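Novice: Okay, here's what each chain looks like letter by letter:
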Amino acid sequence: MQGFWRDTVEFFPILLNGVALTIVVTIGSLILSTLLGLVWALMRVSDIGFLAGLSASVINVIRGIPIIVLLFYLYFVMPDLGVTLTALQAAILGLGIAYSAYQAENFRAGIEAIDKGQIEAAQTIGMGWWLTMRRVVLPQAVRIVLPPYGNVMIMMLKDSSQASTITVAELALQGKLIASSTFKNTSVFTLVALMYLTMSIPLILLVRHFEKRAGKR
Amino acid sequence: MIELDDVHKSFGKVEVLKGITASVEKGEVVCIIGPSGSGKSTILRCINGLESYDRGGISVEGTRVDRNAPSIVSIRTQVSMVFQRFNLFPHRTALENVVEGPLYVKKEPRVQAMERGRALLAQVGLAEKADMHPPQLSGGQQQRVAIARALAMQPKAILFDEPTSALDPELVGEVLSVMRKLADDGMTMVVVTHEMGFARDVADRVLFIDGGVIVEQGPAKSVLNQPQHARTQDFLRRVLHPL
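First to last, the protein sequences are chains A and B.
Under UniProt numbering, the residue at position 9 of the first sequence is numbered 9, and the numbers go up by one with no gaps.
Under UniProt numbering, the residue at position 218 of the second sequence is numbered 218, and the numbers go up by one with no gaps.
By construction, these hints were calculated from the structure, which means they are not laboratory data.
Do not take every clue at face value.
Stretch-level coverage of chain A by chain B, calculated; a stretch enters the list once three of its residues show a Cβ under 8 Å from a Cβ in chain B [what the hints assert, rightly or not]:
id	segment
1	114-121
2	130-141
Think about it this way: if two alpha-carbon atoms lie no more than 20 Å apart in a straight line, the pair counts; the simulated EDC-like pairs of lysine to aspartate or glutamate are [said to hold, decoys possible]:
id	chain 1	residue 1	chain 2	residue 2
3	B	K13	B	E51
4	B	K129	B	D201
5	B	K106	A	E120
6	A	K116	B	E51
Since we're looking at a predicted model, the values are computed, not measured.
Ideal placement from N, C-alpha and C gives every residue a C-beta, glycine not left out.
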């Protein structure tokens, strides 16, 4: 136990650098996946057949490819096609694209849960499609969508560790590097696990808050 | 001002409207009565393009109603609608519900829209409920907010789709009296209703619809008091004397 404390003091600052990158990757891909997911979802619920079909195919393709393969593709294959991305850019882009599929399905479920009468009421005061979405449907869908959205945030935080496979020195990779050079596997990975857990707890509380609020109405 | 000419409409294989021809003049109050499933609501929904129709023509002030044409927006701002289940926006206050159209569709200045919105809420007797959200209001109050929301678009006509059918009996009166006041002020109204008393006292004309056709029409009092057609007589007997 005494050894663990000594290791903690020694490794914590290095691991903290990893935490910073983990947070950057998580927030970056969260924003990207939210925006992309919203675009796919709106395309899907639009009455334009071509857009809806395109969005459905994109979502299925993304869902059918493992995140790690997507990351390899962006980082190792794109340079051959003339697009060179830094590891961090590739990580955010890859995770953002991968998660946009799940976000899209979540958003679509929220949008489709809104009573048809709401949309008709908006139409009868002369609102077009976009205004109806912006003023009537989306503000109500947010309430429904927030609890699962919180879960996606937690999953993303953990899946950001996959960025380690393309050399992003986030928490998991930092841990692995320290462990392989010091052989103190137990101390290092216990610390890494505790740090992920610490970052998850605020998100878990946030989800609980969302769920309580959604249950109220 | 509203003309329907041989309108046909099917949902899948079921033909709900089998050639409806009717017109509504400016300032007129027309009540549509008939058994459920007869196509009454569908007629209203076709007039403002919530539903498409298959054959025939509908026009509002000379403009053909086509729900896929850009002109539908201007038709909808001229012909407002009040729904059976109110369909107020639950995430906005009563006042916000009323000014939503003026602010975001008609782009009225905010101060002016708010002032008009408050006046409309006062007109339906809800001045003090302006900042309440719909779930905090009774059904009758919600429906009156919905009427204020329809009025806020300064429409030339309002379509009412069974406006009192979802209300507890003791709340029906407050909504009907607001509607009666509108009628007295000269608003053009098409009302699908089961309130025969309202139809008799307020409507200029009554259309009795059954099986997708207009079975009988005429001045309210004559249709309701001396129905000519056997189906009308039968329907009225069942509505007025259910036991």
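Novice: With reference to the structure, classify each hint as holding or not holding.
Specialist: Against the structure, the hints:
1. Counting residues of the segment 114-121 of chain A whose C-beta lies closer than 8 Å to any C-beta of chain B gives 5; at least three are required, and the coverage claim holds.
2. Counting residues of the segment 130-141 of chain A whose CB falls under 8 Å from any CB of chain B gives 5; the rule of at least 3 is met.
3. Annotation: proposed proximity of K13 (chain B) to E51 (chain B) holds, straight-line Cα distance about 16 Å (limit 20 Å).
4. With a C-alpha separation of about 30 Å, the suggested pairing of K129 (chain B) with D201 (chain B) is violated against the 20 Å cut-off.
5. Straight-line distance between C-alpha atoms of K106 (chain B) and E120 (chain A) comes to about 18 Å, which keeps the hinted pair within the 20 Å bound.
6. In summary, the hint linking K116 (chain A) to E51 (chain B) is supported, as the alpha carbons are separated by about 13 Å, within the 20 Å threshold.
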